[in-house]
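S.K.: Note that the protein sequences, when read in sequence, are chains A and B.
Residues in the first sequence are numbered from 789 upward in steps of one, following the working numbering.
Residues in the second sequence are numbered from 3 upward in steps of one, following the working numbering.
Honestly, the hints are just simulated from the structure, not real lab data.
Idealized CB from N, CA, C, for every residue including glycine.
Please note that the accuracy of each hint is not assured.
Claimed, not checked - Covered stretches of chain B (chain A as the covering partner; in silico rule of three or more C-beta atoms under 8 Å from a C-beta of chain A):
hint, segment
1, 24-30
2, 34-46
3, 88-97
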Amino acid sequence: MAAPPRPDSVALLDRFVAALLARGVVTEAEIAEQVARTDAASPEIGARMVARAWTDPAYRELLLRDGSAAAEAAGVSMAGMPPLGVLEDTDRVHHLVVCTLCSCYPRAVLGYPPHWYKSSAYRARAVRDPRGVLAEWGTVLPDHVELRVVDSTADYRWMVLPQRPAGTEGWDAARLASIVTRDALVGVALPKAG
Amino acid sequence: MSDATPAPATHDLGGAPRFRCTPVEPDDAPPDAFGKRVDALRQILARKGLMSVDELRRGIEAIPEAEYHALGYYERWLRSISGLMVEKGVVAAEELRP
Numbered sequence: 789m790a791a792p793p794r795p796d797s798v799a800l801l802d803r804f805v806a807a808l809l810a811r812g813v814v815t816e817a818e819i820a821e822q823v824a825r826t827d828a829a830s831p832e833i834g835a836r837m838v839a840r841a842w843t844d845p846a847y848r849e850l851l852l853r854d855g856s857a858a859a860e861a862a863g864v865s866m867a868g869m870p871p872l873g874v875l876e877d878t879d880r881v882h883h884l885v886v887c888t889l890c891s892c893y894p895r896a897v898l899g900y901p902p903h904w905y906k907s908s909a910y911r912a913r914a915v916r917d918p919r920g921v922l923a924e925w926g927t928v929l930p931d932h933v934e935l936r937v938v939d940s941t942a943d944y945r946w947m948v949l950p951q952r953p954a955g956t957e958g959w960d961a962a963r964l965a966s967i968v969t970r971d972a973l974v975g976v977a978l979p980k981a982g
Numbered sequence: 003m004s005d006a007t008p009a010p011a012t013h014d015l016g017g018a019p020r021f022r023c024t025p026v027e028p029d030d031a032p033p034d035a036f037g038k039r040v041d042a043l044r045q046i047l048a049r050k051g052l053m054s055v056d057e058l059r060r061g062i063e064a065i066p067e068a069e070y071h072a073l074g075y076y077e078r079w080l081r082s083i084s085g086l087m088v089e090k091g092v093v094a095a096e097e098l099r100p
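Can you build the whole structure from these sequences, using the hints too?
M.R.: What follows is the structure in structure tokens.
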């Protein structure tokens, strides 16, 4: 678990919010509404986009060419968001996404970045020892598969389009989306049929 | 003249040797109430044109190294955001002092 905030940080937040409220910069209702709106974004959005790309070649082409447009086509507002790029896994290449400088993440389609994505260990090791990091998730790639690590930045956010696993023939979009986890969309895990 | 490569900035953690043997803690929990509140404030203040992501980064990246690693993720954000609002005169420094 991430450590709880220190008492001095909790007190600073209280004073900061009180000052903003007193000056009419924000209201408690605005804060509550913003938290609710941010809570509503989740990896299920990215999973639905991947499932659609697995079953609809035209959508797959759009997703790889212009991730932001593909997100909009899935009903996600990308207004004010940095562009979304989508990385296509194949039999020969697997992608892993990290933000070495901080925590840049495609929040519109994946929600809040998880704590581990923001951790110093992940940021440091994803580029130095990516296969070691993947092994901690139980993900082992064959030696002949190239592993490309891509740095998400403040100006460009990345998501992975994993390969559709064998054993999912005939599945509908909802069932396909159910096996596309947040970890698979970042590249630390692979979707599994079973 | 030295050909030594300058040490990377504190926040530039890609490949950082000090974390080479640190396992990634598989913590999936969403942010706590403190984190969600700070996160929401950043979005609201950005939407009102009072700060940008680059300003947020500048504030985080200016935190001294020892404090950077001692503070939690959203604690760093709060330091940056509250400092920016003081700089811009949106709130007064005295209002934030204990």
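S.K.: None of the hints should be skipped; say for each whether it holds.
M.R.: Hints, verified against the model:
{"no.": "1", "hint": "24-30", "result": "holds (count 7)"}
{"no.": "2", "hint": "34-46", "result": "holds (count 11)"}
{"no.": "3", "hint": "88-97", "result": "holds (count 4)"}
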